[in-house]
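Protein chains in written order, with numbering that gives the first Met the number 0: chain A, 0 to 129; chain B, 0 to 252; chain C, 0 to 112; chain D, 0 to 584.
Keep in mind that the hints were calculated from the coordinates and are not lab data.
You may find that some hints are simply not true.
Reference listing, derived: stretches of chain A covered by chain C, where coverage requires no fewer than 3 residues with Cβ under 8 Å from a Cβ of chain C [said to hold, decoys possible]:
1) 1 to 7
2) 10 to 19
3) 33 to 40
4) 75 to 81
5) 99 to 107
6) 112 to 120
To give a feel for the contact side, a few chain B residues facing chain C, derived at Cβ under 7 Å [unchecked claim]:
7) T141
8) Q150
9) F212
10) S237
11) T238
12) W241
In this text, all values refer to a predicted model and were calculated from it rather than measured experimentally.
Ideal Cβ placement from N, Cα and C applies to all residues, glycine included.
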Amino acid sequence: MSRRPYVREVPPTSWYFRMPRYMRYMAREVTSIFIGIYTMIMVFGLAALAAGPERWDAFLKALQTPLSLTFHWLALAFALYNSFTWFNVAPKALPIQVGEELMPDIVVAGGHYVVWVLLSLFILFWAGVF
Amino acid sequence: MTDNRLAARQIELEILRYDPEKDQEPHFERYSVPCINEWCVLDALNHLKDSIDPTLAYRWSCHMQVCGSCGMMINGEPKLACKAMLRDYPDAVIRIEPLAHFPVERDLVSVADDFMDKLKRVKPYLIPGKVRVPTEGEYKQTPAQLKRYRQFAMCINCMLCYAACPEYGLQPKFIGPAAISLAHRYNQDSRDGGRDERQEEIATNEGVWECTFVGACSEVCPKHVDPAAALQQVKVASTVDWYLEHFMSWVKK
Amino acid sequence: MAKSNKPIIWGTFAAGGEVVSLVTPVIILLTLLAAYGRIPAGLSYEHLHAFAAGWFGKLVLFVVVFLSLWSQAHRLRITCFDFGLRADGAVATLFYAIAAATSVWLVMILAKL
Amino acid sequence: METIQTDVAIIGAGGAGLRAAIALAQESPKLRIALISKVYPMRSHTCAAEGGAAGVIKDNDSFEQHFHDTVGGGDWLCDQDAVDYHIHEAPKELMQLEHWGCPWNREDNGSVAVRPFGGMKIERTWFAADKSGFHILHTLFQTSLQFPQIQRYDEYFATDLLVDDGRCQGFTAIEMKSGSMRRFKAGAVIIAGGGASRMFPFNTNGAIKTGDGMAMAYRAGAPLKDMEFVQYHPTGLPNTGTLLTEACRGEGGVLLNKDNYRFLQDYGMGPETPKGQPVLKTMELGPRDRVSQAIWGEMQKGRAVDTPWGKCVWLDLRHLGEKKINERLPFVRDICISYLAMDPVHEMIPIVPVVHYMMGGIHTDTKAATSLPGLFAAGECACVSINGANRLGSNSLVEILVFGRRAALSAAEYVAAAKPGNEAALVAQADASQARIDELFARSSGTESIAGLRKEMHETMGDGAGIYRTQEGLAKTSAKLAELRRRYQNIKLHDKSRVYNTDLLTALELGNMLDCAEAVAVSGRERKESRGAHQRLDFTARDDDKYLRHSMAYFNGLEPPRIDYRDVVITTSPPGVRDYSGEKK
Ligand SMILES: Cc1cc2nc3c(=O)[nH]c(=O)nc-3n(C[C@H](O)[C@H](O)[C@H](O)COP(=O)(O)OP(=O)(O)OC[C@H]3O[C@@H](n4cnc5c(N)ncnc54)[C@H](O)[C@@H]3O)c2cc1C
Ligand code: SF4
Ligand code: F3S
Ligand code: FES
């Protein structure tokens, strides 16, 4: 007559190896490291900009090191991954109802992609890439 | 009717067994079970219990994906045993464990007390906004208003989402996806006026803020409740509340 | 159990998440171009300085950087927890302090521009 | 043994049990209520009901019509005073559920919508998509959470009623997670234990529907009424028995034989109606007993379809189109894809009639009181006689509400006047109950296997007590069941651990099913007529002179039950002809 419920502990530092979906989630989490560092780089860049043309040029120079190149490629990849996962889940947080029907997720997510592409093109255009 | 559906198959079931009166800890046992391809895992378990080992303990009732009893881990995924069709498991071995993140009472039976307590805590019942008595007739509710919460009312309390949510595993105090979704179901109901009371429970650190939007809950939910969506919506609404309360208290008063 | 104060940060996280998702990839792309020495006209000192010196430019830069800072600080906090660092209070204090300090610095920079 | 003292104890937390508990909590707030269930409340089989619940609310409808549909549908074996109470309370109860948050489907203007159902002359079935029972159960369960007086005992398995001084004063139950027994001492007991269709090999019921409540009451001396009336649902999946709701036909699905011919017109349910435009009480919307019998007829005539699962007929939904199927019958589509690996949007569904519902049960009066003082019963386990010889679809989801509440009111009234019991005698009974279980554990000489006996029970019930019955078949089945009940005394338990011992529980359930099954077979053997769901090949006509009476089965130890009869209450509707031939009349 003895109950003895058995508790299976979740390993706090390695749980995410258990399922591919957890790995996908952790990949999304890790993007914050890259985007976080990149945000700091942006601030440093702005500081250089504020400090005058020489410092700005020095900043641009510093970007050209191999370490920086590697980082930025990685950052770009992670940022893209972050954006896509964000767009895909965005419809969940703010459902939009038109008449009786709820707007299908694909429309809201699709809308995000469209805005993203247009905005990116606009910024590239503004920056004089084309 | 084409019929490899009815094809016979021999399947190895690798089942986590635990008898608290005998075992120190759970262990796997392997059974070779003659099956039919169109069976679900529950059929295989029932066959095993009837003709091979009557001591196996597991829960089931409806065999039609609606009572929510038969949740278990099948090849590492939280599933309803009556919805997991053998034809979707082509491998010879299927591994079956009790739902993750819950204590094991015995074999495939997990302890559900924690979920039941949390469900009660979030007040998942109608707290009428404007009280009406039944003799005055129904509360009017348009199909559009019904649609705003119906999806969240489809929860069968199977607890698969708890077994999938890593944050619940790491922090068992987390009220968790299904209970919060049910609170949200009532918050979204045009007849309800109890949101403030429910917020006291779910807008807390143990409530919706423990959720980091892993989204696993929605991926495993057999009834397409989409608890992850419910939780994000609760977060958005709670954030708006917070800003209104702290920075724009004059708006309310 | 009292209602949580997390919404204050979560608000910036959510807004930041949206902004970051929309603009960060393309900004990194621009940075990469610059890193390869193919500095687009828009990133020349004159151009950029002129933009950043205007009130509109300041506003845009502030919003993007500020939200990005706080949302990443919040996400890093959770990432640490998910990797098993259980000192949530200390971790949160650290990241939010960095975000706060950087925010102040950002304001100073923008004021100087 | 630990004793749990309470005012009213309810066995069963399905629709009926929960409704009773809420009624007690609301209408007698001082009483302590113990709600016992062998599964968590929301797992109860009420959750499986799909179609809906009938209640008069629309302007084109009337109480008279609901009354006549019900009484005629029940082949005049209904007690008309009970039906009268039922139909008048029905809309109130459904409205009450609406006020508790039940997500009923709506019309555009926001009022509750109704749908047509088999055997009903007017559409009056309230529904929540094809998940009506599910929503009713969850609404009740969730509503019950706000009442602290309702003490729940989830996963407690009730075993025996405790009766002393001619009154029911409690029962024993096993706490499943520990295996220890508890004595519930109560001023009044309400049984809401659900049906017993699991005694048949092929049924739509959940594993829990093993007639425990019926058997407990029966063994304690309360008679089981009209047990021979077992409802077949026409449309079950041939491999699993899973129900496809009557709404399939309500929405316009048709039944075809192997020649793609709509055979119902040959069985007095014609004339043929246009495909996809169902007409109430005609063709596919005939009552369940008639439709099931027609399918059986096609099988006899060799016009059924041969499938890997045996003889079937087709249910064709294809003409409804994907959109409508997704909108109105999404669950039906899911179920077909899961269990038959076929999609009803593109293929016809093979179906067979399956055992679905027990019209019979513990005899109660219109106040839900059994013949044992202190014991009340409601829901599928009870027979208050609103269903007569054949239940109309969507009446029982209402019955569980109306009579669940009624049982609560009666119990509260009874408790107020109840005298204290003889403690020593009750303890002795509880100990005997414990001893019975202990003996099962200790027994080493058992030879009979639980699964084996269950299989034999299934075979004999399927053979002798199916859709069409004969004297010979019923006699054989009765004899077989008597034998099985004797052999049951010698069963063997494999699992000797007390914690969550499902081997023990299935053994107890088997015992309960055998008791109920014998009542079915013997009552059927004695009813030498055809009426509603009880169809005999040797007595094909209804015989009102002899059998316009309820059969009452009394428990008789290991001997077969004693059968007695009781008059049907007729107030306004004398027995007539059941007519389902459209507007031909
Ligand atoms: C597939 C299906 C579809 C249906 N569709 C419809 C429909 O559309 N419309 C309609 O009107 N009717 C329908 N019915 C019938 C209707 O659903 C049932 O008759 C009704 O739900 C029974 O409710 P209940 O409360 O009596 O029993 P249940 O809901 O079965 O509950 C029984 C309760 O008793 C408890 N219990 C049993 N034995 C014990 C024990 N030994 N110890 C402790 N607790 C015990 C169980 O745990 C459970 O809580 C349908 C039935 C089925 C099977
Ligand atoms: S939300 Fe989905 S997975 Fe979670 S308990 Fe409800 S039905 Fe199950
Ligand atoms: S998986 Fe868990 S973290 Fe949130 S989105 Fe779902 S509850
Ligand atoms: S048995 Fe009911 S959900 Fe699987």
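Status of the hints after comparison with the structure:
Closer than 8 Å: that is the beta-carbon criterion, and the segment 1 to 7 of chain A has 0 residues meeting it against chain C, so the requirement of 3 is violated. Only residues whose beta carbon comes within less than 8 Å of a beta carbon in chain C count, and the segment 10 to 19 of chain A has 4; three or more means the coverage holds. For a cut-off of 8 Å, the count of residues in the segment 33 to 40 of chain A with a CB near a CB of chain C stands at 6, and the three-residue condition holds. Here's how the segment 75 to 81 of chain A fares: 4 of its residues keep a CB closer than 8 Å to some CB of chain C, so the rule of at least three is met and the hint holds.
Residue count for the segment 99 to 107 of chain A with a Cβ under 8 Å from a Cβ of chain C: 0. That is fewer than the three needed, and the coverage hint is violated. A count of 4 residues in the segment 112 to 120 of chain A with a Cβ less than 8 Å from any Cβ of chain C is obtained; the coverage claim is therefore met, three being the minimum. For T141(B), the suggested interface contact is broken, since its CB lies about 30 Å from the closest CB of chain C, more than 7 Å. The criterion of a C-beta within 7 Å of any C-beta in chain C is not met by Q150(B), whose closest approach is roughly 22 Å, and the hint is violated.
The criterion of a C-beta within 7 Å of any C-beta in chain C is not met by F212(B), whose closest approach is roughly 9 Å, and the hint is violated. At a threshold of 7 Å, the smallest CB-CB gap from S237(B) to chain C is about 5 Å, leaving the interface hint in force. Satisfaction of the interface hint for T238(B) is found here, the shortest Cβ-Cβ separation to chain C being roughly 4 Å, below the 7 Å cut-off. Interface hint at W241(B): satisfied, since its Cβ lies 4 Å from the closest Cβ of chain C, which is below the 7 Å cut-off.
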